[in-house]
Each structure stands twice: as structure tokens, then as C-alpha cells.
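J.: Single-letter residue listing:
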Amino acid sequence: MKIRILQFAIFLMFFGFKLQAQKNEFPVSLIADSLKENANAVVRLNQIDVIISSQRSMNVKTKRVITVFNENGLSAVDAFENYDKTTSVKNVEVRVIDPLGNEIKKIKRKDFKDVSAISGSTLFSDARYIYLDYTPTQYPFTVIYDSEVENSNTAFIPGWFPVKDYLVGVEQSILNVTYPNNLGFKKKEFNFKGFNIQKTTDTSTQLSYKATGILAQKQEPYCAVSVIFPRLLMGLESFNLEGEDGTAKSWNEFGKWYYDEILKGTTQLSPETVAKIKTLVGNETDPIKKAKLIYDYVQKKTRYVSIQVGIGGWKPMLADDVDRLGYGDCKALTNYTRALLDVVGVPSYNTILYGDPYKRNIETDFVSIQGNHMILAIPNGNDYIWLECTSQDDPFGYQGKFTDDRTVLVIKPTGGEIVQTKIYEDKGNLQNSKGAYSIDEQGNLSGRITIASEGSQYSNKASLENSQPNEKETHYKEYWSNINNLKLAKINFSNDKEKIAFVESLDVNANNYASISGAKMIFPLNAYNQFSGSVKRIRNRKNPFEIQRGYVDVDEVEVVLPFGFAIEFLPSNFESNSKFGDYKTEIIKKDATHLVYKRTLYIHKGFYPNTEYDQYRLFMEQVSRNDNAKIILTKI
Amino acid sequence: MRFKFLIAAIILFSVVFSSKAQDFRLGKVSIEELNEKVHPKDSSAVAAVLFEKAENRLIYNQGSGFEIELVVKARIKIYKKEGYKWANKAFRYYLVNNMREKISFSEAVTYNLVDGKIEKTKLKNDGEFDEVINKYWGQKKITMPNVKEGSIIEYEYSLHSPNIGNPRDWYFQSDIPVNRSEYINYVPEYFVFNTNVKGFIRPEITVAKSNKMLTINSKERVVSRMGAATTNFNSDNINYIETRTTYLAENMPAIKEEAFVNNVRNYTTSLEQELSMTKFPNAMPKMYSTDWDAVVKTIYEYDDFGPELNKTGYFEDDLKAVIAGLNTQDEKINAILKFVKSTVKWNDYYGYSCNDGVRKAYKDKTGNIAEINLMLTAMLRYAGLNANPVLVSTRSNGISFFPNRTAFNYVIAAIENGNDVILLDASDPFSTPDVLPFRTLNWLGRLIRKDGTSMPVDLMPKKASVELKTMLYSVNDKGEVLGKLRNQKTAHNAMLFRGEIKDIKEDAYLEKLENTNSKIEIKEYSLQNEKDFNLPVIESYSFVGNNLSELIGGKIYINPMLFFARKQNPFKQENREYPVDYGFPFQDKYAINIQIPEGFKVENLPQSITLTMNGDLGVFKYLANLQGNTIQISVSNQINSSIVLSQDYVALKSYYQKMIEKQNEKIVIVKI
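First to last, the protein sequences are chains A and B. Per UniProt numbering, residue 1 is the first one in the first sequence, and the count goes up by one each step. Per UniProt numbering, residue 1 is the first one in the second sequence, and the count goes up by one each step.
Source of the hints: derived by calculation from the structure; they are not laboratory data. The model shown is predicted, which means the values in this text are computed figures rather than measured ones. Check each hint, because a few of them may be wrong.
Derived DSSO-like pairs: lysine-lysine, alpha-carbon spacing no greater than 30 Å straight-line [unchecked claim]: (1) A/LYS300 - B/LYS140; (2) B/LYS122 - B/LYS140; (3) B/LYS80 - A/LYS36; (4) A/LYS289 - B/LYS338; (5) B/LYS122 - A/LYS401.
Take these sequences, add in the hints, and give me the full structure.
T.: This is the structure we're talking about:
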């Protein structure tokens, strides 16, 4: 009994001591005012210790201390860990402390929520994650998060992001990495300039960085995180991926490894399928025409279903299985198409890239596993034709906005090659609208219009073809939100996949398009294509801005005015040219009741400094205002 | 030749015949069905359910007793690529210990027509997946092989569930057309279920009774006096009557989402059931829920409901201080509501049952809906008020029209004062008496008193939420506008606004306000009563706007409502199936005073009008008045009901249209 009491006393002492030690830990009062400005949360400390002990073992310890000021700052706590067969969470614990540093609550792993990571378009995956589900009882509060994760994959060393989000200040962010000197550790810094980041160690086995005092930043439109936030990429030349060792010093070597280890033996097809494909292609000799036949076959036969289990997250499903099941993910469908092309002697290559409407390159001077998508490259002279194999609708070789104009990795049997995908030039991204409308004595509009979209604008429209009637209605009522009481009388589409042109033909009418006050009738001449996107006013813009894709809109519309009215005021012709684009409108008076309205808006793609943002805004405002220029008629 | 004709005629005949007698058995897919290119009644349908047949049985399981067995057979036609998702099917199951459910798929086959012949592709293991979603729920998924445009898929799945109290709801209707949906319920005489059919389309119901027999095997180990053990096997046959109810619904159109809909599931044809009584032989009948009073009483007697209401010890000391010196009912309500809101934060979990209990929630300062609002009720009672809990079904939970326990998923507090009822919810920081969070504004709740009696309570707000904007501005000869604005919001408008600006920096809020209001520049911004929730919240600021008017041909055209004129009709569809649900009645008022520049005169002033919609359901008033160089405009739009029925939709749409036209009329100012 005595011993037990003694033990208890010791325990108590220890506990008491611990409590003492915890006091005044990270009190909120110590946060600099500058860091609190615009901040929903402040990262007091974010220390990541990565220990790579071998090609097949990596341990990542995280200690993160976040002070949260309000509900919007909760996401900065980021208390979650992914796990699967190769990644295990060794330890995770959270302590919540009050502004003075006193502990409010302690949360152990068993109190974390454990859920499946399947979401969105993925049908199945063995990935799971645990996350903290904590309801704050007061603000501010501070979370001390400790975790340790063990990983047998060394193909991905987590990147270091000292700043993860807008409106979060950072007191201190530390990275320590240790690694054997024989695995070819490498790193690359992005956007470090302008931030207080020091490299504190850099030897053959150790690397450390420390970032301090980063102020909370406000989000600004037309600017991506990847352009402004600092980040560090890391990788190994000798790595392990789901049990497969790999070595790559160059893209060529990486591609060779990928081809030999990951793609090998995945393109077998049954003799029946081989025979079927040969019959399908028949006597065709031109490789591109053969490829078209096969792409069409794949589009009709397959659908996109994503299943990611173990190495299946990296290795494509067998072509034979895709053939039998008629579905697969991007890797599986790309690889299947390659297998079919191979049957008829057309060479093609799996291509790794980032699929994203926001253009994103494979970092070419950092050899490592990158990308989130796969397409197929077919050599065509000195160039390639790119096939999106997950789409059942895309025209042959069309890259729309998901894979265009970016560096990608083409995997050839001889090795990997970095290539740029197709660039859709501003001038080719054309929307050509031709039509007419008339206004009657009551101000009602009736008209017809033909809109042809090409280049990257094709992708904005092509999905209309197969949309539901109510979706079509929603689209046009949105597109012509300037026309109240819009009624769609007739809608016709023609989709020329050869020329890549999508043509919409519509008959429309709208009651009271023109507003009548007294004997006057007023309405905007540009009924069919008003620039509606508003460019926001930003107080003191800090970041550069980017227009990722340029385009041209050309409009020519005949306007028939009602009888018994005279033109009191006609908007004048207008032209504005700037580095961001060119805009021109012209109104031709053919006779007393017939006008022709012509408009061209040409937006250039480009990357511009913050100081030019207001200029851009004012240019677009001019466009928007002139698009709304009104004609005034008076009853005779 | 004649012979050939004959064959053709026979084929033709059989084709015609078979297309008439469609076979609703798995495996009997016809060439006609495979050949069908579009749905005969809805050419835009991406897929359709050709038939679905569900059989729900209560089966006796030696050892575990009665359980539910649901067997569903389905045949689905895929018309278009956009319908491929119908080739994936997922079905959830509960996976906690003794209530664990079992699901299995079988007979899953894809049918295609290849060169005029039917090709079958069976689902194999590699297309079947079992996902553990979280601690409580798992999900079985299948993805069908070899699916193309025109394919037909079939599958069967069965669910075994020990939860006999709540059979799964059955949806006859779906977001694709359903040609035929049949649900057959087999219920032994020992069970009575409450059933309710929702939706616009009524299924045809037929009832038949038949005699059935159940065999219960038992064994008994008998040790004889000599010490030899023998086992006696008994087999008892029990006769009982089974009621078979068949619900058959045919040719149901696809159900579509629309704007301002409360919850589209409320309008989908479906069947809900709940066990109301068991009456086993040689036992007293046991009631579960038969009417609302019984349902409510059952809930009240749950350990995690009624008893939680009676606990007071944990808060007594603290509460005494809170209510010390307060006399009136209003003072007490406000003090206690504020106390609970600040003491216990909502952890985002719904439910009328406590999870950890009120005591722990109070200690941890966080709890679910039941913990917060039962605690609130208990405190109000402690303070001497006639407070009771009110069971609620949130908007996301839908509306249940018949008495059952799962009809509710939420609880609030009410104070009865004669015929007057005041509703309270302490889970939302900005909620005030009778101004409840939007999620709870859903038809009727059910108030439960201590004595077990209950009564329905209308949750839809009666009092209009008002937004009053007062603007004083002047226009100069260049058309530039300079003025002051005061915007006052009450009730739900105030609650929503407080929630919107919470945690947003003033700078960011003003930037947004400037951008949404025609890029005006705002100065001298101030906010009144931000924290005083019982008073209207008031914003005031001065502003300058350079693009609020148009100079055309030397005249100034200006919309007197400036950026507040509604530009678009929110009701774009020509017709509407479901009621328009605003959540609460409202009144938007504008008092505008405009100073025109010296040396100018008003050439055109909009005329005053009053619009009404279906009596006083909607009232729009627009009054314009000119006095010297000052224009006074008063505008008011009042919708006096939370809900506008679909038969009034056309009137509502045209009311909005006329209102928008009026709101967009301009004043024309010319130089003298």
C-alpha cells in the first residue's frame, strides 16, 4: 500500500510538474501585431522532421502549433493524416490550450475520426484518413498537433510549404531532412524571393530551412497560389514506389524505369480483340486515320471509372481487363488505347502530366514522379497528336482547356522526354456570332443568332450538345442574363469534330426588352454578347495577375427598329486598344429602321505586374460600359 | 418465298407480342428493350429504370429472431453516355456490432446488342467493392462491366437487417424516368407498421392475406436417471396470417431540382414505414408509435431525452447568478438564451437524443443539438418558465406526414404563455426568440409537455423580416452620385447578415460591398447593434459612385434605386412543380431622397404604382414625388407568406417581372 501511495505521489508530482511546464506555452500575447493583421489564424510553429533511413523507409514527424482567431481560421489547424497499406500513422495527438497557455483538452488518436478517402469521381480506393473533429469553445485558442507517419514509399517526399493558405500569418516554419548520402537527394526552391527564409543546413545527409515572420496575405483574383507562395520540392534519385525500386537521374532514365517497371506486361490483348481491331482498321494505311478509327472505338466502348488500390494507383489496369470490363481510369484507358494502336502498327506513348484547367507544368528541371493525369501521344511528323482517352465526346486530338499548353512527360520504350502540348493561340479561340433581331412597337424582341465556337472556346460549349433541356435553358438564361423574359423558341447544334467547331443556332424572343418611358424607347444595342464578367476593384493589389488564355469574340448583328419611331440618340462608334486587348464597336445605319451592330473583343493572354491591374480593370470596365450603350427612339 | 414470308410474319408477330408483354424477371431482357434509342416519354432521359421490384419480408431466424430481408431486382436502360453513372450502384449498410446489416449483390449482368444478338457480360469480383465509410456506415458498390450507349444492366441486391423498427424508405421515383416500380411488403400478423406514401403520384395499392407456417426448431438435452444424456429435437409449427401489400407505380417522370425548393425529396413518390406495434402470441401487444402523441411519448421516455431534461444539478449554481434580479419573462429568456449560447458551442451534430448527455456537454462546453436545447429547456424551467422541448425535422431531413420517430432529427425549446408560443434555439449564435436558424424552418414541430401531452407547433415564421434602406444622395451635372445610406435589417434578415459578416474583416467586407454595388467607393462605414441581437442591425455609410448613371445625348439617365434595382427574375422556368419556399415572409423597403443639380429639371419621373399578387400574397408599391429639386421615391416589396404554392407560380413570376421592370425605370434629367 505504501508503495502505491508513493507511486501516486510521484505521479502527482510529475503531473504537477508537467502542468507547470505547460503553463505559458505559446501564449497569444506573444504574437506580433503585424502577424495578426488580416489573419484568421497564426502558425506559431510548424516543424517537419523528415528522416529517410533507406530507399524503402521514410519517417515524417510534424509538430504544428496554430493559434486560431475565428471560425475561418479553423482550416489552418489541418489536423489530419492520410494512410493506406504503405503509409501508417504511428502517432497523432492534439492538445488544445487557451490564450494564456493552459491546457483545455487533450485529444488522442482514438478520438480522431477515421474515414474513407473516397470522394468525387473515384469509385474505390484503399486510401483512408483520420482527422480531428474539435468544436472550439472559445476564440482564440491554440492547437498543438503532433504526428508521426511512417512510409515505405520514398517516391514522394512531402513538399515544404511554409505558407499554406491566405489570411494565415506564420511565426516560424522549420524543415529538417536527413537522408543517406547514396540515394541522390535533391531539392528545388520556388518563390522564395521576398520571404524571410533561411537555409540553415545543407550537407550530403542533411538539409534544414527556417522561415520566420510571414504576414497573412489576402487572396486576389487572377493569381494562383503556385505563383506566389514559397515551396520546396524534394526527391530521391533512388526511390521506392509501392514496393518497386526505381532509379532516375534524368527524365530519360525515369521514363525508361516507368516503361520497364510500371508499364511492362500491361498491353496483352486476346486474339479475338486483335482480330477485331485488325478488321476495324481494314486496309487503312495512314497511321493517323487508323488512330482515328481506334479512338472512336475506345470512346464508344469505354467509360471512366477510377479504382485506386495499392500499385493500381500507379500501374495501369491490364489492357485485357479494360477490354473485358469496358472501363478504367486515365492510366488504364490510355494504356488500353496504346495497346490497340500497337495491334495495327501505330506507335503511341503514355504521357504523364497535370490535368487542370489552370495550366500547370511538369517541373522539368526536377526529375521526380509528378503529374495527376495521363493522356496518349501519337507521333505526327515532328509533332504529336494528343488523345484524351477518358472522354467519350472529345474530338480526336482536341485538348480543350484541361491538358493544353504545358510541359508533359512522354514515356517511350527508350526513355522519357519532356514535350510541350498544343498551344491554342488567342486568335484561334474564336467565337463568331452572327444574327439579327427586331424590336416591335411594344419593345418586344424577336431574333435569331448563330454562334460558332472554336479553339479553346469550343470546350466552353461542346458539353451543351448532350445536356438536359433544363440545363440548356439555364445556360442560355445565364449567358443572356441581360435579356429579361428570354424565351428560347428553337435550339439547334452542330458539332463539327473534324474542324473542331461548335455551332449553336437559336431563335429567341423576349417581351419588353426595350424599356418604354413616355414616348421614348430605350435599349442596349448589343443584345447578344455583353461582357458580363466584372473585374473586381482591389484595394492595393500586391500580386501580379495572369490571363491564361486569350480569345476573340466577333459579333455582327442586324437590328430592325419598330415602325413609327425615330432615332433620337445612337451610341457612337467606339474603339479602345490596350496591352490587355482590343475592343471595337461600330454601328452602321442602313436606313431609317435598319442598323448593323459590329463588335470585336480580342483579349490577349499574358502575365502582368500588380501595378497594371487597375489599368486592366478600367479597360474591361470600358468594354462592359460600352457593351451596354443604349439607343433612344422617340415615337413620331 | 411464301414460306419466308410466313417466318417473317411469325417473327413480326412474336416481336409485337413480346413487346407488349414485357418480362419483369431478371435475365429476360428483350431485343426491343436493347434496341430502344430514347425513352418513349422523355427523349432527354440519359437512362431509365425499366423496372424495379422490391420484396420486403420479416423473416424468422433461428437464434436471432425476426429480421428484415429486402430483396431488390432492377433493370436499367442506359441511353446516353451521360447516364453511365447509373451503371454504378452503391448501397449503404450499418455496421455497428449487433445492429450490423448485410448486403450482397447477385445476378448482376450487362446486356448489349451485338450484331442483332444479345451479349451478356457478368459482373465479377473485380467490379465489386466494400468501403468502410466511417465507424457507423459501410457501403457496397458495384460497377457494371462493358457498358455502352444502349446497354441494359440488371442486378439484384439483398439487405438483411436486424433493425425491424425502420424498414428502408422506398423511392418509386428517381432523377431518371422509372417505368415500373413495385414494392411488396410481407408482414406476419405479429407486426403492425405505419406506412405513408409521399409525392405527387400515387402508387396503386393491393392487399392480400394468406396463411403461412413458421417452423421453430428447438433441442433439449435430457439426462436420464441412469446418467445417459439424450437430446430431444422438437419442431414446432406455428400458423400465422401474413399480409401482403403491393405498391405499384408506373410511368413516373424524372424528378428535377428547382430553385427555392425546400427539399425535393418531399415531392418524390416514396414509401415510409415504421413499426407501430408488435403482438406476439401469448404476450401483451406492445405499442411503439401509433399517433403523434404516442411517438412523442416514446421519444420522451428515451433515456437520452426525458431524463436529460430533468437534470438540473450541473447548472444550478451558475444559473442562479445569471437570473438573479431578473423579473420579467423576456429578461429571463434573453439572459438564459445568451448564457447557453456563450457556454455551450454546437458541434455540428443534429439529433433529438443526447450523445454524451447534458452534464458532460456543459462541462466540455460543446454539445449536439439535443444537449444544447434540452439544457436550455431545463434552465428555462428552473427559472420558473413554462418551457418544453419541440421536436423538429430539419429541411434536409424532409417533411414526414405520418407519425413516426424518425420523422424528427432535431429539437428546440418553446415557452408557452396561454396561446402564445415563443420558440428558441441556442445552437446558432445569432438566433433570437422566434427567429430560428434557417434549417429548422420546416413546416410543423411537435411540442411535448411534462405530462406527456403534445401539440403541433407551426415553425414557419409569421412576422416579416424587414430590410429598410434609406438613401439620401445628390447627382451632379456629370452624373456622379454622392450620398449616404442606412440599411436596417430585422429578424431573419438580421440573423443571416450577422452570420455573413462574422469573422470577416471590415476591409474585406467593404471590398465585397463596393464590388457588388456597382463599384462605389465607401467611406464612414459604421455598424450598429452588431452584438445586440434583439435589435435590428444597422449599417450606415457614405458613398461615391461614378458609374451609377448614364449621360446620353446631354441627358442624365439614372435609376433612382441605383444598385439596388433587381436586374433579373429569379424565376426563370416557365412552369413549376413544387412550391416556392422562401423560408420566411419578408418586406424590402426603400426610402430614397434625390437631389438633382442646379440648372437641371426632371424630364421624366417614373409613375407611382401598386401591384398585388393573389390578394395580398405579394404587394409591391412604388411611389414617386417631385418637390422642387428633390425627388422622393418610396419602394416596398412584401411577400407575406413563407411558401408560395406551385399553382401561384405563374402569378409570382409575372409579379416579379412587373416589379423588375418598374425597379429598372429611369429618371431622366435635362439641363434647363
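J.: Hints first: check each against the structure and report whether it holds.
T.: Each hint, compared with the structure:
{"no.": "1", "hint": "A/LYS300 - B/LYS140", "verdict": "28 Å, holds"}
{"no.": "2", "hint": "B/LYS122 - B/LYS140", "verdict": "17 Å, holds"}
{"no.": "3", "hint": "B/LYS80 - A/LYS36", "verdict": "54 Å, violated"}
{"no.": "4", "hint": "A/LYS289 - B/LYS338", "verdict": "74 Å, violated"}
{"no.": "5", "hint": "B/LYS122 - A/LYS401", "verdict": "37 Å, violated"}
Hints 3, 4, 5 from the earlier list are contradicted by this structure; the remaining hints agree with it.
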